[in-house]
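Just so you know, the sequences run in chain order X and R. Counting from 1, one number per residue, gives the positions in the first sequence under full-length UniProt numbering. Counting from 1, one number per residue, gives the positions in the second sequence under full-length UniProt numbering.
Incorrect hints may appear among the rest.
One copy or two, it doesn't matter: identical chains are merged, so the pair holds either way.
Stated by the list, open to error - Simulated crosslink set (SDA-like; lysine to any residue; CA at most 20 angstroms straight-line):
| id | residue 1 | residue 2 |
| --- | --- | --- |
| 1 | K47 | L24 |
| 2 | K373 | S96 |
| 3 | K371 | D101 |
| 4 | K119 | D418 |
Just so you know, the hints here were simulated from the structure itself, not pulled from any lab data.
There are 2 protein chains.
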Amino acid sequence: MADKNQLFLGSFVHSKTLGELEYLHNTAVCVDRAGRIVAIEKDCDEKARAALLSRLEWKDSEVEVVSAREGQFFFPGFVDTHLHASQYPNVGIFGSSTLLDWLNTYTFPLEASLSDPAKARRVYTRVIRRTLSHGTTCAAYYATIDVASTTLLAELCVSHGQRALVGRVCMDTGSPVNYRDASPEAALAAARESIAQIQDLDKDMVLVRPIITPRFAPACSADLLRQLGLLAAETGLPVQTHVSENKDEIALVKKLFPRKNTGAGDDSYTAVYDAFGLLTSRTILAHGVHLTDDEAALIARRGAKVSHCPCSNSALASGAARVRWLVTEKDIVCGLGTDMSGGYSPSVLEAARQAVLVSRHVAIGAGGEEKDKLSVEEALFLATRGGACVVGLEDKVGGFEVGMEWDAQLVGLGRVGDEAGEEEEGGDDDDGNVDLFGWESWPERIAKWVYNGDDRNTKKVWVRGRLVHERK
Amino acid sequence: MADKNQLFLGSFVHSKTLGELEYLHNTAVCVDRAGRIVAIEKDCDEKARAALLSRLEWKDSEVEVVSAREGQFFFPGFVDTHLHASQYPNVGIFGSSTLLDWLNTYTFPLEASLSDPAKARRVYTRVIRRTLSHGTTCAAYYATIDVASTTLLAELCVSHGQRALVGRVCMDTGSPVNYRDASPEAALAAARESIAQIQDLDKDMVLVRPIITPRFAPACSADLLRQLGLLAAETGLPVQTHVSENKDEIALVKKLFPRKNTGAGDDSYTAVYDAFGLLTSRTILAHGVHLTDDEAALIARRGAKVSHCPCSNSALASGAARVRWLVTEKDIVCGLGTDMSGGYSPSVLEAARQAVLVSRHVAIGAGGEEKDKLSVEEALFLATRGGACVVGLEDKVGGFEVGMEWDAQLVGLGRVGDEAGEEEEGGDDDDGNVDLFGWESWPERIAKWVYNGDDRNTKKVWVRGRLVHERK
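Work out the full structure: start from the sequences and follow the hints.
Structure representation (C-alpha cells):
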C-alpha cells in the first residue's frame, strides 16, 4: 500500500487493442492509497487538475505527485507468464542441448540443490529483484518440489512487492530419484501443503497466489495428473504446465500416455491434459510450439491460455511457435514468458523483441507470409494485456483504466545532443542504448525501445501503487 | 599511440580455433608504444614479471600496468564487418517492411539528408562512440554517396581512435533521383576523390582505409560495376557490397543482369559481381542468406569473404543464413556484421548472440541438424578472428599473439553476493545483467556473457594500445 494518494502526470502509453497502442499525453492518472486507478484525465492543464483533485476530495497535502519528464512515459508493468525462479543461476548455460538432455544435465541438479534454504533465498531474492528491475510487475513462477523453499519464494515476492503466482512443482517420474515425489499421494500432499502455506501468507491473494503445477506430462504419472486435475476442480486454483515444446517430448508423451489408457479424445499431447481435467480456463500452457490445428481448437474450446517463450524456443532449438496464428486465427489468449533458464534473459522486453524476430522466422518458413509477422505493438500487447489475461488478472492489470490497479513502469529513453552527438541532454543517469535524435514519432520511439531498450530505460516500477524498484 | 609501454595482467580469453577458446590466467601481455604485442608470458608471478621487463629492457617507470580484477578478463576487440553508419538514427525502425520497400521508405531519405555536414557529424560521432562502447575496435562502414561527409566519417574514426574501412557508396540507378550518382563516370570520379581524401587523412592506412563500395547490384549499372571492378584491380583496395539477402532482390538481379549481357559464368547473383571483377580475396559480401552451393563454391574459389548479419536478416525477414555451412563445409571466411540499420543493434555481442539463435532456426528448418548449430565459442570466433580476416587484418588483430596489435576490451561480469542475493560484491559500477553465483566454470561465464552481456560489461576498450573507451 502506498502512503498517500498519488497523481501521475505526463505521457501514458498502453495497448488499446492487439495491434494498437494508445498514446495519452499531458494526462493525469489518480491512484488511491489502495493502489487503484480512480481517475484518468486527458489533456489535463493546471485548472483541470485542480478540478480533478477537488472532485476526488483529495487535499494537495495528501497527494504525492509523480511527473514523467519530457520524453518519458508510463507503461503498464510487464507480466512474465512463464519462468522457473529456481533455474535462474543457469541462464545462458545450455551448450547445444535440447529439452530432454538439458533437463537432466543442467536443470534437475540445480533445482534439487535449492532445498538448501540459504541457497534458495539467495537465488530467489536475486530473480525477483532482477525481474522487477526489468519492469516485470507480475510473474508466474515455478519453484521446485521443495515445499519450504517454494513458500520462501512466495514470501520474498510479498516482501519485495511483486505480484506472483507461485507453483510448487509436482513430478513423480522421469527425473533422478533424489529429485522427484515419492508417489502420487506424496506429491498431492505436498501440493496441498504448499497451497495452504502460500494462502496463509496472503489470505486475500492480493499479491501472491498458489498455482497447481504438474511439471509436464512426461514427469507425472497418470495418477498424479488425475489427482491434480481433481485438486484444480476442488480449489478453483489456476494450473500451469508445459505443452508441445519439442518433438522428442511430444513423441515421449505419445508413448507414455496412449489414448487407450487415458481415454483422451485423440492422440495429442494437449488431449492428455484434457483427459485429466487439467485443461481449464485457468490453465497456462507454456510453449505450444508444435500444436496441431486440432490441439489449438481444443485449447480454444477450453479457454486455456498459452505462454509464448521465444528466447527459450530458439535457444533450445525447440522450434518457432506460430504465436500470431494462435492469437488471430485460433482465438487463444497468449502472453509472453521469459522461461528462464530455457530462456536466457530475465527481460520481458527481450521476450517481446524475440517474439517479433521469431515470428519473422515463422513467416520465412511459410514462404514470407505477412500474416505470421508480429508487430512491435502486438508484442507489447502480449507482454501486458495478453499476459494479464493469461494469469487471470485482466480486470486488474495490463492497462490504464479506471478500476484497475497501478502496476506500471516509468520508461525513459536516451537523447542524442545537438553538439556533434557528443553529449546527451537531460539525462542524469545512463539511458542505455536507445538513442533518440529528436525527430522520431511516438510509434518510432516505442519501436526503438523494443529493439534496443533494456533495464536502464525502466526508471521506476510500481505494483498496486507501491514503488518497488527505482534505478539509482 | 600510447604514452608508455604497457603491461596488461590477469586473465586473457581469445579464440584458438573456430570451436575453441584459449584461457590464459595469471598472464602478462606486454604492449609497446606503437601498440604492438611484444611478449606474452603465462603463469607470470612477480619474479617472472621482473625477468620479463628486464628482457624487454623496460624500466618500471616507463611501464603502465593495467590489471584485470579478479573475474575480469581481456578479450580481443570485436570486428563489425558490415554496418551503415549513415543509417544509425533508424535502428529499430522498419515496421514490417522487407529489404526493397525498407530501402525506399526509411533508408534512402535518411542517407540523402546526411549531406548536411552538421547532421552527418552528429550521427557519425554517435555511431562511433556507441560502437566503441560495445567493444567494436574495427568497423567496415558504409557512409553515403556524399564525398565530404564520407571523409568526415573517416576523420572522426581517426580522432576517436577506431580502426575502420570507410566506403563512399556508389549507386547510379534504382534509387530516388536526388540520391544517386548522375552517371557511371560521376560515380567513379566521386569514388576516386573519396579514396584520395581518406588516404590523405591516414597516409599509411594505420587506422583508416578506404573501401570500394558498390551499394549492391540493383543500385548499379553494368558500366559502373565494370569500372569499380577495374578500380579495385588498379588500386588493390578492398571492396564491400551486398549479396543474396532477400528473394525479391535475387529475382531483381536476375532480371537486371541477364547472363547474356554480363558474360557471367552462370545466372547467379554472385556471378554478376564475378563477371565485373568485384569478387576478389579482398571482397566483403554482406548477408549471403540464400547462396546456392555453386555460388558458395565460387566465393570460396575467389577467396571472397562473407559478413553474416543475423539481426538484420531476422528483422527484415530476409531469411536465416546457413553460416556454419558456409564456414565448415564451404571453407568461406565469415565474420559478423551488425548491419545497422537493417540490424537494430550497435553491438557485435548481440550479433553473436543472434548468430547462435538464428543457427538454431537453420537447424530447426533442416529437421534439427546438429551440424547447423553455432556454439558460443564459434560465434565469438566469427566476432574476432573471423571478422579480422574478413577485413584483411588477420595478421594484426582478432587475437592475442606476439606481433599483433593491442585491440582489446576488458570485460567484467556481475557477481551475486552471498548475503541473500541482495548485494553485489566487488563491483563499483553497474555490471548489467550477467549474474555470476560463483560456481560457474570459465566456459559457463563466457556463455553467460554472450547471452546476457551488454556494453555495461565492456569496461575499457583499446585500439593499437590506445585507450579509446572507458566506462564511467
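Taking the hints in turn, this is what the structure says about them:
no., hint, verdict
1, K47 to L24, "within (18 angstroms within a copy, 67 angstroms between copies)"
2, K373 to S96, "between (27 angstroms within a copy, 7 angstroms between copies)"
3, K371 to D101, "between (34 angstroms within a copy, 17 angstroms between copies)"
4, K119 to D418, "between (49 angstroms within a copy, 9 angstroms between copies)"
Consistency with the previously given hints is maintained throughout, with no hint failing.
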